[in-house]
Every structure is written in structure tokens, then in C-alpha cells.
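Number of protein chains: 6
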Amino acid sequence: MADIELIPGGTLQTETPEEGRQLAMKLARMIIKATQPDADERTRQRAIYSTEPGMMIALGQTVAIEFSTIAAANNYWK
Amino acid sequence: MADIELIPGGTLQTETPEEGRQLAMKLARMIIKATQPDADERTRQRAIYSTEPGMMIALGQTVAIEFSTIAAANNYWK
Amino acid sequence: MADIELIPGGTLQTETPEEGRQLAMKLARMIIKATQPDADERTRQRAIYSTEPGMMIALGQTVAIEFSTIAAANNYWK
Amino acid sequence: MADIELIPGGTLQTETPEEGRQLAMKLARMIIKATQPDADERTRQRAIYSTEPGMMIALGQTVAIEFSTIAAANNYWK
Amino acid sequence: MADIELIPGGTLQTETPEEGRQLAMKLARMIIKATQPDADERTRQRAIYSTEPGMMIALGQTVAIEFSTIAAANNYWK
Amino acid sequence: MADIELIPGGTLQTETPEEGRQLAMKLARMIIKATQPDADERTRQRAIYSTEPGMMIALGQTVAIEFSTIAAANNYWK
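Protein chains in written order, with our numbering: chain A, 19 to 96; chain B, 19 to 96; chain C, 19 to 96; chain D, 19 to 96; chain E, 19 to 96; chain F, 19 to 96.
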């Protein structure tokens with residue numbers, strides 16, 4: 019786990035909501051990377067979940083939760 | 019991911035709760051689009067999840083989480 | 019999506035917690051309606067999920083999340 | 019839906035955390051009751067989910083979400 | 019439900035985060051106990067979910083949600 | 019449960035968001051450890067969930083929820 023940067027850039031602060039959304043996707047992805055370090059295996063899994071609507075919806079929930087934290091951290095970019 | 023606008027309009031602020039709700043649906047959809055860029059494949063998946071009640075309920079959870087963030091960002095339109 | 023009112027009444031404000039709860043159920047239902055506009059198909063799905071305890075529990079989660087937003091919007095009716 | 023009281027007592031305020039917890043369980047149950055008004059069918063479903071650990075865990079999530087709202091409504095009984 | 023204490027000790031306040039975490043696990047467990055009062059059946063279910071990674075992960079979500087409420091109730095032990 | 023430290027270090031406070039993210043992963047892991055104390059069994063389960071995309075996504079949700087609490091506890095490291 020030590021070798022992987024779980025938060026690219028090391029901060030929850032972003033300039034815009036759009037960048038906050040991109041960060042939410044990255045955070046979700048880095049947890050998967052930290053849990054499954056094998057790149058080929060991750061590629062194999064991506065081929066599965068990206069064609070399974072139930073998994074896609076679940077992935078959407080994960081990103082939504084990550085984003086809620088990032089949005090609060092940025093005071094909703096108000 | 020760079021080519022897709024994850025937040026249409028680039029802001030979480032909306033005029034009304036109704037527009038906030040529409041934005042929540044769009045946010046959920048854009049994550050799916052960013053993860054699965056193939057439009058035909060997304061159409062295929064939509065035909066599946068829109069006829070599976072369990073997936074429909076899960077989709078409802080995703081939108082509910084997105085909306086909670088948008089509602090907070092708009093101070094609940096109070 | 020344009021033709022469906024996602025928030026009946028257009029506001030998150032309700033007089034009572036009971037009405038807030040009713041609104042939470044309506045919000046969850048309108049997302050399903052917006053995603054699956056075919057009334058017969060929705061009726062078919064309702065017959066399925068209303069007899070599947072796992073789906074009923076998942077529906078309860080969706081309503082609980084919607085309600086948490088509505089409750090905050092009403093300052094918990096304090 | 020009109021005939022069922024979704025929040026027994028009509029308020030989120032409780033005297034104690036323990037009563038808040040009981041209310042959370044009732045809220046979860048009333049959504050199921052409103053969605054499936056047939057008492058015999060609910061009894062049948064209860065026999066299923068109370069012996070399925072995966073469903074029991076999911077039920078726990080629903081109650082946990084309901085409770086988070088009730089706890090906030092009571093300012094955590096501080 | 020009346021015979022089971024859903025919150026051991028009757029309060030969300032704890033001295034330390036560690037005790038808060040223990041309370042979160044107890045809260046999750048008491049909901050299962052209140053829903054399934056038969057101790058032998060609970061033991062049977064525990065043997066199932068403790069060997070099913072998907073259920074273990076779902077249990078972790080339940081505890082995480084319970085803990086978020088307890089942490090807020092204790093002002094994050096700051 | 020008494021023998022396992024559920025929060026390594028005993029605090030939710032971290033120096034950086036990155037360390038907060040690491041703590042979130044540890045919190046999720048300690049719940050699994052407390053529920054399934056057998057190390058060999060946990061290793062067996064890890065081999066399963068780390069190759070199942072649906073479980074990986076669910077794990078991501080758990081970490082996201084834990085992180086939301088840790089982030090709030092640290093006032094989002096602002």
C-alpha cells in the first residue's frame with residue numbers, strides 16, 4: 019500500500035466541481051489499485067464490470083459517495 | 019475521461035430543486051459514460067437495467083446520493 | 019425526462035415529517051418513472067420487487083437516503 | 019399510501035437514543051408496509067430475509083441510514 | 019423488540035474513537051438480534067457470512083454507516 | 019473483539035488526506051479482522067474478492083464511507 023498514492027496530488031481541494039468529479043473517480047480507482055496491484059488482473063476486471071449494468075450502477079454509487087466528501091471539502095465550490 | 023464533461027454546465031448550483039434532481043440524474047449518467055464510452059454498449063445495458071427491478075432500485079440509490087450533495091450545495095433551495 | 023416532474027410540488031419543504039416521508043417515497047418512484055417511462059413495464063416490475071424481500075430492503079435504503087436529504091432541508095422539523 | 023402512518027407518532031424527536039433506534043426500525047418497516055400492504059405476504063418475506071444473512075446485513079444498512087437522520091434530528095441527544 | 023437493548027449503555031457518547039468503533043459493531047449486531055431473536059439461527063448465519071467475502075464487505079458498510087453517526091455524536095473526539 | 023485494535027493509533031486525526039485515506043482502508047480491514055479472526059480464512063477470502071469486480075466495487079463503497087467520516091473529523095484538512 020505504501021507505494022501507491024491513494025490521493026493523486028495529495029489534496030481534496032480542486033478548482034472546479036468538474037475537477038472534483040474527476041478526483042472522485044480517481045479516488046475510487048486508487049482503492050481498487052491498492053487492493054489489486056496486478057495491472058493485467060485489473061484490466062480483466064474492467065472488461066467485466068464495464069459490460070455489466072449492475073456493476074456499473076454500483077460503481078456510480080461509489081463515485082457518488084467519494085464526490086460527496088470532496089464537495090464538502092470544497093464547500094461546494096460556492 | 020478528458021473529453022467528457024462530467025458535470026454538464028460545470029456547476030452544482032441550480033435554480034430549483036427540480037433542476038437539482040435533473041442534474042443528479044445527469045451526474046450518475048456521466049460516470050457511466052466516462053467508464054463505458056461505447057454508446058452502443060450503453061444502449062445495450064440500458065435495455066437490461068431498465069427491465070430489472072433490482073438494478074432500477076440500485077440506480078435510484080445512486081441518484082439519491084448524488085442529489086444529497088447537490089441539495090447541500092444549494093442550501094436546500096431555502 | 020423533460021415531461022416528468024421529478025419532485026411533485028417542486029419543493030423539498032414539507033409541513034410535517036410524515037409528509038417528508040411521503041415525499042421521499044415519491045422521489046424514489048419518480049426516478050424509476052423517468053428511467054422506465056412504460057407504465058405497463060413498471061407495473062410488471064412492481065409485482066416482482068414487492069414479492070422479493072432483498073429488493074424490498076434495497077428499496078428501503080433508497081427511501082432512507084432520499085429522506086435524509088428532505089429531513090435536512092426541513093431542519094428536521096424542529 | 020394515505021392510510022398508513024409512515025412515522026409512528028409523527029415526529030423524529032425521541033427522549034433517548036434507544037427510542038431513536040426503535041424508531042429507525044419502525045421507519046424501515048413502514049416503508050415495506052406501504053410498498054407491500056398484504057400482511058401475509060410480508061410474513062412470508064420475513065421468514066425469508068430473517069434466515070438469509072446477506073439480507074439481514076442489508077436490513078442493517080437500511081436501519082443505520084434511518085438512524086443517522088433521527089440522531090441528527092435529536093442533535094445526537096447531547 | 020421491547021426486551022432487547024438496541025444501544026448497550028443507552029448512549030452514543032464514548033470516551034475514545036476505539037470505543038466508538040466497538041459501539042458501531044454492537045449497534046449493527048443488535049439490529050440483527052432484534053430481527054432474528056433465535057440465537058442458534060444467528061450462530062448458523064454467522065458461520066455463513068463470516069466465510070463469504072461479499073457479505074463481509076457488506077457488513078463493513080453497515081458498521082461504517084453506524085460509525086459515521088457515532089463519530090458525529092462525539093464531535094469526532096476532537 | 020477485545021484483543022483487536024479497531025482503530026490503529028486510536029485516533030481519527032491524520033496529518034494529510036493521504037494518511038486519512040490509508041486509515042480508511044485500515045478501518046475497513048479491521049472490521050473484517052474482528053469478524054473473522056482466522057488469518058488463513060481471511061487470506062482465502064482476499065483471493066476471492068480481489069478477483070471479483072463486483073466485490074471490489076463494494077469494497078470501494080465501504081472505504082468511501084469510512085473516509086467521509088475521517089475527512090469530516092479532520093475538517094477536510096483545510
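Rather than coming from a laboratory, the hints here were simulated on the basis of the structure.
Mixed in with the good hints there might be a few duds.
[Unchecked claim] Okay, the calculated bits of chain E under chain F, using three or more residues with CB under 8 Å as the criterion:
#: 1; segment: 25-32
#: 2; segment: 76-82
[Claimed, not checked] Not close to chain C: a few residues of chain B, all C-beta gaps over 12 Å, as computed:
#: 3; residue: I22
#: 4; residue: E37
#: 5; residue: K51
#: 6; residue: Q79
Cβ atoms here follow ideal geometry from the backbone N, Cα and C, with glycine treated the same way.
Structure-based check of all given hints:
1. 25-32: n = 0 at 8 Å, threshold three: violated.
2. 76-82: holds (count 6)
3. I22: 19 Å, holds
4. E37: For E37/B, whose nearest Cβ neighbour in chain C is about 9 Å away, the distance does not exceed 12 Å, so it is violated.
5. K51: 15 Å, holds
6. Q79: 5 Å, violated
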